[in-house]
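Engineer: Here the protein sequences come in this chain order: A and B.
Those letters in the first sequence? Residues 1 to 110, by our numbering.
Those letters in the second sequence? Residues 1 to 113, by our numbering.
By construction, these hints were calculated from the structure, which means they are not laboratory data.
Some hints here could point you the wrong way.
Derived pair list, reagent style DSS-like, types lysine-lysine, alpha-carbon separation capped at 27 Å [said to hold, decoys possible]:
1) LYS57(A) with LYS42(A)
2) LYS68(A) with LYS42(A)
3) LYS57(B) with LYS57(A)
4) LYS13(B) with LYS69(A)
5) LYS68(A) with LYS109(A)
6) LYS42(A) with LYS63(A)
7) LYS59(A) with LYS79(A)
8) LYS13(B) with LYS57(A)
9) LYS42(A) with LYS109(A)
Selected chain B positions facing chain A (in silico; Cβ < 7 Å) [what the hints assert, rightly or not]:
10) GLY28
11) PHE45
12) ASN56
13) ASN59
14) LEU90
15) GLY107
Here are the computed distance ranges between Cβ atoms for each label pair [unchecked claim]:
16) PRO61(B) with LYS68(A): 47 to 55 Å
17) PRO95(B) with ARG61(A): 25 to 33 Å
18) THR26(A) with GLY96(B): 20 to 28 Å
19) PRO80(A) with GLN54(B): 36 to 44 Å
20) GLU52(B) with LYS109(A): 29 to 37 Å
The beta carbon of each residue, even a glycine, is placed where N, CA and C say it ideally should be.
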Amino acid sequence: EDQVTQSPEALRLQEGESSSLNCSYTVSGLRGLFWYRQDPGKGPEFLFTLYSAGEEKEKERLKATLTKKESFLHITAPKPEDSATYLCAVASGNTGKLIFGQGTTLQVKP
Amino acid sequence: KAGVTQTPRYLIKTRGQQVTLSCSPISGHRSVSWYQQTPGQGLQFLFEYFSETQRNKGNFPGRFSGRQFSNSRSEMNVSTLELGDSALYLCASSPGAGFTEAFFGQGTRLTVV
Chain A
1 EDQVTQSPEA
11 LRLQEGESSS
21 LNCSYTVSGL
31 RGLFWYRQDP
41 GKGPEFLFTL
51 YSAGEEKEKE
61 RLKATLTKKE
71 SFLHITAPKP
81 EDSATYLCAV
91 ASGNTGKLIF
101 GQGTTLQVKP
Chain B
1 KAGVTQTPRY
11 LIKTRGQQVT
21 LSCSPISGHR
31 SVSWYQQTPG
41 QGLQFLFEYF
51 SETQRNKGNF
61 PGRFSGRQFS
71 NSRSEMNVST
81 LELGDSALYL
91 CASSPGAGFT
101 EAFFGQGTRL
111 TVV
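Only chain B is shown next, with the shape it has when bound in the complex:
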């Protein structure tokens, strides 16, 4: 069974630009969550989608947004990039919503210059 696939793996962007990250969950999984990981803050929850609906959202500014498609694939968008947005962005998929095991992808390393 294929795992969670995130693309691209690495990305370099300039301040002020926007970026879109993609996540394909494990086949059959309907829930996708996104996290930001930095050395200082650790893993922080961004949002969770289940059946194309956002179920939960973390404490991030509105520049961070996401969506989920009918095939459960998800995208995350960050607009007007800031230097502080440099991080490893991780996607996790779960069979169902809420409190089930989450399986993570390898992440997208975003560097904002």
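Isolated chain A (complex conformation):
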């Protein structure tokens, strides 16, 4: 069964304290892994797409990496405005569906 698990559920960091969020997946025929950011009361905002193991993408303080079983979202020197819930999703080649993890809620304190 296709499944996406994100850890930790919640993460509190001090401003400038770098860390990583994990997304582990089990999927039949991975067709893409997506990272989104969601602020309270808003729709998810697209961040990255990764298609194959070894791929990396960067945007400002965020860097996403992909292996055959998991993806990491590295946050370097975070700022309070990075506080949000980060969602990971995988596209299943077998079902054609996008399956989301439960998300990691990040709080960055000044």
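Given the coordinates of chain A, assemble chain B onto it according to the supplied hints.
Structural biologist: Chain B only, in chain A's frame:
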């Protein structure tokens, strides 16, 4: 370029009623997907439409239905509302079908009382 527009933003309905939600995708995007987001279940896939055809459907009862028009705008309908249908309903648009980036709207917050 305008983003994905969902209307209405907030809705309060009574059990047993039906509701229709609307989604206008990004100009040029032909695929629209719908998701239900709740605190307990997270984001769950409802269905995907591409060029007016339903390409995929999630594990939701038949009370949930949708359609897409020739201008790519989409509507989602929920009949015989239940308290458990209270959720944030999100629409996402993509340039093509399947595994391309999906861009989400702000969602419609449905409360069933």
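Engineer: Does each hint hold? Answer for all of them.
Structural biologist: A quick look at each hint next to the structure:
1. LYS57(A) with LYS42(A): Holds, at roughly 24 Å.
2. LYS68(A) with LYS42(A): Cα-Cα ~31 Å, so violated.
3. LYS57(B) with LYS57(A): 31 Å, violated
4. LYS13(B) with LYS69(A): Not OK: LYS13(B) and LYS69(A) at ~42 Å, beyond 27 Å, violated.
5. LYS68(A) with LYS109(A): 33 Å, violated
6. LYS42(A) with LYS63(A): The hint holds at about 23 Å.
7. LYS59(A) with LYS79(A): 14 Å, holds
8. LYS13(B) with LYS57(A): 43 Å, violated
9. LYS42(A) with LYS109(A): Roughly 21 Å between the alpha carbons, so the hint for LYS42(A) and LYS109(A) holds.
10. GLY28: Violated, about 16 Å.
11. PHE45: It holds, given that the least Cβ distance between PHE45(B) and chain A is near 5 Å, below 7 Å.
12. ASN56: Cβ of ASN56(B) sits 5 Å from chain A, so the hint holds.
13. ASN59: With Cβ-Cβ at 10 Å, over 7 Å, it is violated.
14. LEU90: 5 Å, holds
15. GLY107: GLY107(B) check passes; min Cβ-Cβ to chain A is 5 Å, inside 7 Å.
16. PRO61(B) with LYS68(A): 47 to 55 Å: 36 Å, violated
17. PRO95(B) with ARG61(A): 25 to 33 Å: Once the Cβ atoms are compared, 27 Å apart, the range 25 to 33 Å for ARG61(A) and PRO95(B) holds.
18. THR26(A) with GLY96(B): 20 to 28 Å: 26 Å, holds
19. PRO80(A) with GLN54(B): 36 to 44 Å: Between PRO80(A) and GLN54(B), where Cβ atoms are some 42 Å apart, the hint holds.
20. GLU52(B) with LYS109(A): 29 to 37 Å: The hinted range 29 to 37 Å is violated for GLU52(B) and LYS109(A), with Cβ atoms some 49 Å apart.
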